[in-house]
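Please work from the sequences and hints to get the whole structure.
Protein sequence lines correspond, in order, to chains A and B. Just so you know, the numbering used here puts 97 at position 97 of the first sequence, and the rest follows in order with no gaps. Just so you know, the numbering used here puts 12 at position 12 of the second sequence, and the rest follows in order with no gaps.
To be clear, the hints were calculated from the coordinates, so they are not data collected in a lab. Where hints are given, some of them may not hold.
As the list claims (entries may be wrong) - Okay, the calculated bits of chain B under chain A, using three or more residues with CB under 8 angstroms as the criterion:
1) 53 to 61
2) 70 to 83
3) 111 to 124
We put the beta carbon where it would ideally sit given N, CA and C, even for glycine.
There are 2 protein chains.
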Amino acid sequence: MLIHARLIADTHFLGRFETSLLLLHRNAVVPWFIVVPDSVETELLDLPRPVREAVLEESAQVATFVQSYFGSSKVNFAAIGNIVPQLHLHVVGRDPGDNCWPAPIWGNLTEDKQYPASECEAICAALVADYGLQRDAGRV
Amino acid sequence: MLIHARLIADTHFLGRFETSLLLLHRNAVVPWFIVVPDSVETELLDLPRPVREAVLEESAQVATFVQSYFGSSKVNFAAIGNIVPQLHLHVVGRDPGDNCWPAPIWGNLTEDKQYPASECEAICAALVADYGLQRDAGRV
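If you want it as structure tokens, here you go:
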């Protein structure tokens, strides 16, 4: 499966679900995951219904993880894709008082923080252990 | 079904699907629809799966309508809810060159245009005729 160069540049690769890949945005200021369905369709709402439902279920797993692991009180979920045409879904943990609350994150984060490598690994391990993520299988 | 006062203030009421109400944002600069599921859950990805699937199907109907009626080349779909806690889903028609392309619309629209009453009525009539919207049934 191919991934758009901009997504590769902006994220850490975490692994694969049945229907999509899971990426973690490099900016650690908020917990920002990106679900990339294995599809040539560019619109979430144009996906065939069974694919859409599988992708939503995988996104729901990520949302549950974000709430549990980061303690986020709110999850923003969006398919935008005005810049990167490849279909990708943002699953973002939010909290009152975070870097740009209550504004959406896109274009509004004023800080850039990196994850330590150990933190990426811990996130990946937790997703593999409890949320059905497969590590590296089918890695591009 | 109750609707948050901020949503009422910002939108025209269009009608009802099986699982959600459909609102049209008053700012006509972009085609901006808001799907409001009949649920006390505030997170899209925490909805029970059958409800989530019904809501997505109704959102997909709206997206198809936006592409067909307005000719939008792109649809942005998002559950944000950082300001209005009641669960609501944005279905927004986008085009290169529109008011704030490629930025997301939230907080970025620089113009405010109103729909003529006849245009609201035409939109509603088209959704009722071809997309399963029920007019005024269960109006709050």
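Do the hints match the structure? See the list:
For the stretch 53 to 61 of chain B, the stated coverage by chain A is satisfied: 5 residues place a CB nearer than 8 angstroms to a CB of that chain, which reaches the threshold of 3. Judged by the Cβ-Cβ criterion of 8 angstroms, the stretch 70 to 83 of chain B is covered by chain A as claimed, because 10 of its residues qualify and three suffice. Given a C-beta distance limit of less than 8 angstroms, the hint that chain A covers the stretch 111 to 124 of chain B is violated, as 0 residues qualify and 3 are needed.
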